[in-house]
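Participant: Taken in sequence, the protein lines are chains V and P. In case it helps, the working numbering puts the first sequence at residues 10 to 338. In case it helps, the working numbering puts the second sequence at residues 316 to 606.
FYI, nobody ran anything at the bench for these hints, they're computed from the structure. Do not take every clue at face value.
[What the hints assert, rightly or not] Some, not all, of what chain P presents toward chain V, calculated at C-beta under 8 Å: (1) S327; (2) A328; (3) H331; (4) V488; (5) F489; (6) A492; (7) V494; (8) N511; (9) P515.
[Claimed, not checked] The following residues of chain P were derived to be distant from chain V, with all beta-carbon distances above 12 Å: (10) L411; (11) L446; (12) G455; (13) V467; (14) L509.
From the three backbone atoms N, C-alpha and C, an ideal C-beta is built for every residue, glycine too.
Listed here are the chains, written in short residue letters.
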Amino acid sequence: MTAEPVLAVEDLTVTLGTRRGPARAVAGVDWSVAPGRTLALVGESGSGKTMSVLAATGLAPRTARVTGRVRLLGEDLTALPPQRRRVLRGRHVGFVFQDPSTSLNPVLTVGRQVTEAAEEHLGLTRRQARDRAVELLELVGIPSAARRVDEYPHQFSGGMRQRVVIAMALACDPALLIADEPTTALDVTTQAQIVELVAGLQERMGTAVVWITHDLGVVAGVADTVAVMYGGRIVEHGPVDDVFAAPGHPYTRALLAARPRPGHRDADLPAIQGSPPSPLDLPAGCAFWPRCPVRGDARCEHELPPLTEVGPAHRVRTFYPSPPTGEDR
Amino acid sequence: MSADSRTRRALSALRHDPPAVAGAAVLLLLVVVGVAGQWLAPAGVNDVDVDQMLHPPSWAHPFGTDELGRDVLSRVLVAARVSLQVGVVSVGIALLVGATIGLIAGYYQGWVDNVLMRGMDVLFAFPVLLLAVAIVAVLGPGLLTAMIAIGVVYTPIFARVTRAGVLSVREQVFVRAAVSIGASDLRIIRRHVLPNIAAPLIVQTSLSLAFAILSEAALSFLGLGVQPPAPAWGRMLFDGRGFVTEAWWLGFFPGAAIFLTVLAFNLVGDALRDVLDPRQLTLGEARRSTA
Numbered sequence: 010m011t012a013e014p015v016l017a018v019e020d021l022t023v024t025l026g027t028r029r030g031p032a033r034a035v036a037g038v039d040w041s042v043a044p045g046r047t048l049a050l051v052g053e054s055g056s057g058k059t060m061s062v063l064a065a066t067g068l069a070p071r072t073a074r075v076t077g078r079v080r081l082l083g084e085d086l087t088a089l090p091p092q093r094r095r096v097l098r099g100r101h102v103g104f105v106f107q108d109p110s111t112s113l114n115p116v117l118t119v120g121r122q123v124t125e126a127a128e129e130h131l132g133l134t135r136r137q138a139r140d141r142a143v144e145l146l147e148l149v150g151i152p153s154a155a156r157r158v159d160e161y162p163h164q165f166s167g168g169m170r171q172r173v174v175i176a177m178a179l180a181c182d183p184a185l186l187i188a189d190e191p192t193t194a195l196d197v198t199t200q201a202q203i204v205e206l207v208a209g210l211q212e213r214m215g216t217a218v219v220w221i222t223h224d225l226g227v228v229a230g231v232a233d234t235v236a237v238m239y240g241g242r243i244v245e246h247g248p249v250d251d252v253f254a255a256p257g258h259p260y261t262r263a264l265l266a267a268r269p270r271p272g273h274r275d276a277d278l279p280a281i282q283g284s285p286p287s288p289l290d291l292p293a294g295c296a297f298w299p300r301c302p303v304r305g306d307a308r309c310e311h312e313l314p315p316l317t318e319v320g321p322a323h324r325v326r327t328f329y330p331s332p333p334t335g336e337d338r
Numbered sequence: 316m317s318a319d320s321r322t323r324r325a326l327s328a329l330r331h332d333p334p335a336v337a338g339a340a341v342l343l344l345l346v347v348v349g350v351a352g353q354w355l356a357p358a359g360v361n362d363v364d365v366d367q368m369l370h371p372p373s374w375a376h377p378f379g380t381d382e383l384g385r386d387v388l389s390r391v392l393v394a395a396r397v398s399l400q401v402g403v404v405s406v407g408i409a410l411l412v413g414a415t416i417g418l419i420a421g422y423y424q425g426w427v428d429n430v431l432m433r434g435m436d437v438l439f440a441f442p443v444l445l446l447a448v449a450i451v452a453v454l455g456p457g458l459l460t461a462m463i464a465i466g467v468v469y470t471p472i473f474a475r476v477t478r479a480g481v482l483s484v485r486e487q488v489f490v491r492a493a494v495s496i497g498a499s500d501l502r503i504i505r506r507h508v509l510p511n512i513a514a515p516l517i518v519q520t521s522l523s524l525a526f527a528i529l530s531e532a533a534l535s536f537l538g539l540g541v542q543p544p545a546p547a548w549g550r551m552l553f554d555g556r557g558f559v560t561e562a563w564w565l566g567f568f569p570g571a572a573i574f575l576t577v578l579a580f581n582l583v584g585d586a587l588r589d590v591l592d593p594r595q596l597t598l599g600e601a602r603r604s605t606a
C-alpha cells in the first residue's frame, strides 16, 4: 500500500450556510484511497459521508465553505482554478449515484449519455462515441448492447439502468469511481449483481473505488478499508477485517450489532437509541456521547476524543476503544 | 444517427395522428394563402362598390360584402398574411427572449434570477393591452411595432414557464451527473435541460399564437396595429361588431379564420408535444404494432 493514493483528503471541513446559521457537515476528515483499492465510507444519513466526497471533488453546493487539502492523482485540487478542476474531475473521476431512475436523462438514448464524458474529454466523434457506448454497455453486462444503445432509459429495468450509469461513469477510464449508495434503490438480488459487477470491473481496470453506503453487508463484500463517520467526523478507520472483527468505537459496535444476520429475527435487532446530532449544534465532546452505551466519564461530554491507534492502521476516536467486559456480544 | 432516426420516427408518428394531420393541413393552407392571398383573391381588397353594400354571401361574393361594398372573401384571404406574420413573429420574439431569460434565471438562480424575474413580474403586472398600447405609443403605430409590443407582452409568460421547468430539471440527478463529468453549462443546458422542458414550451407557444393573433386584432381595433384600409382579421372582426344583427358575415368569416388558425396551431402543438417525448412515442408505436 505504498502506491501514491488516487484521492487523498486531509483535514477536510465543510460548513454549510443555512438560514439557521452555519452547519458543520464535515469536521476535519482525513481519508485516502489507493489505486485498485476500495474505501467504504459508512454512516447514517447526515453523517457527512456524501458531503465529504462532494466537497473533495469540488461538487459541494455553492453555499458550502470548504477547507482542507485534496489531492487527486498528485495534484492539489484546492489550489486549482475551477475550470482546470472541472476537467480533471470529469476526466479521472466517475460517479454512480443512488437512484438510477433519475440519474439518466429521459429524453436522450442511453448510448448518447454513456459517452457524454468521453465526448467532452476525449474528443470522440459521433461514430467513435457510438462504438465506445456499445463496448461500455457490453462491459457492464447489458445483453444485446448493439441494439439497446439506441433505446431510452425508460425501456431499461432498475438494475439495467444502474448498469448504464456505471457504464457512463467508466466512459473515460477513470482512476477513481465514486459510488454513492448505488444499491440502495435496488432490490436485494440486483444489489448483489451490481456489487459483483463493480468488484469485477475494479479488478479488471485497476480503478480505485470510494463506496458510500450505510449497508455494512455491502461493506464487508467490497471494501478494503472502512471509515465510519458520525456527526461529520471519522470515528473509526481501518482495514475492513479488523474493524469487523474488533470494532473499537461504541458506535461501530452498535452498528454491527444492529445488522440483520441469518438466524436472528428482525424484531431482535438492537436499535441505537436517539438520533444523530444536528450539524447546526454539534456537542463539544464526543458527538456520539448522548447516545453512547458506554459513557465512561465527564471527558466524553466535554472533550473531543483523539483518533487513537488500536491496531495496524486501525484508528478509533474514543476514550474507550475496547468494550467493557460483559457489554456487547 | 440517433437524432435523425428520432426525427424520422417523430414525423411518422405525426402522420398517424389524424388531428395532427388535419391541423398541419390547415396550417399549410394558411401558409399558401398567406403567400399567395393577393393572387387568390377574386377582387381587390379595397375595391369599394357602393351598389353592393352589405350584401349577404352569394355566388358573386361567397363571404358577402362589407359596409363599403368590399368583397369579404378577398379581404379575409389577404389578411391571412398579416395575421400569420403577427402570430409567428411576436410569439417568436416572446419565445426567444422569454425562454432565454427563464433559462438563465432558473439555471443560475441567486441574484441573477431575482433581477430577471422581478423585471418579468413588473411586465406581467400590467394588463396586456395597456402594456401593448404603451409600447406602441412609444414606438409609433404600425405592424412592426404591434408585433414587438405583443412579443414583449408575452415574454414574461415564456420566462416563467421556462424557469419553472428549469428549476425542476436542474435538481435531477442526471444534471448533477453531467456536472460531475465536467460538462460545460452550455452543454448541460442544451442537452439536458432544454429537451426536458420542450413540452410545456411547445404547448405555451401554440396557445400564445392564438392569443397573439387576437391581441393584434385588439391593437388594430384601437388603431395601433395594422393601419386601415389594409385588412386584418382582428380589425375586420371588430369592424363587423356594429353589424352583427343585420350583416353577420362581416364578423363571422374573419372570426372563423381566427378560430381555424388557432385550432390548427393547438392541434399541431399538442401532437408535437406528445411526439417529442420518447416515452409517448414508444407507447404509440406499441399500440400501433399490436393493432
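Participant: Next, verify each hint and record whether it holds.
Facilitator: Hints, one by one, checked against the model:
Taking 8 Å as the C-beta contact cut-off toward chain V, the hint placing S327(P) at the interface is violated, the least distance being around 16 Å. Annotation: interface hint on A328(P) violated; nearest CB of chain V at approximately 14 Å, more than 8 Å. Hint status for H331(P): violated, given a least beta-carbon distance of 20 Å to chain V, over 8 Å. With its C-beta approaching chain V no nearer than about 4 Å, V488(P) sits inside the 8 Å limit, and its interface hint holds.
At a threshold of 8 Å, the smallest CB-CB gap from F489(P) to chain V is about 4 Å, leaving the interface hint in force. Annotation: interface hint on A492(P) holds; nearest CB of chain V at approximately 5 Å, less than 8 Å. About 7 Å separates the beta-carbon of V494(P) from the nearest beta-carbon of chain V, less than 8 Å, and the hint is met. Interface restraint check for N511(P): the shortest CB-CB distance to chain V comes to about 6 Å, inside 8 Å, so the restraint holds.
For P515(P), the suggested interface contact is broken, since its CB lies about 13 Å from the closest CB of chain V, more than 8 Å. With 12 Å as the threshold on Cβ separation, the claim that L411(P) sits away from chain V holds: the shortest Cβ distance comes to roughly 21 Å. Listed as a non-interface residue, L446(P) keeps its Cβ farther than 12 Å from every Cβ of chain V; the least gap is roughly 35 Å. Its beta-carbon lying about 44 Å from the closest one in chain V, G455(P) satisfies the requirement of being farther than 12 Å from that chain.
The Cβ of V467(P) sits about 31 Å from the closest Cβ of chain V, beyond the 12 Å cut-off, so the non-interface label holds. Separation of L509(P) from chain V is inadequate, the least Cβ-Cβ distance of about 9 Å not exceeding the 12 Å criterion.
Checked against the numbered hints given earlier, the structure breaks hints 1, 2, 3, 9, 14 and satisfies all the rest.
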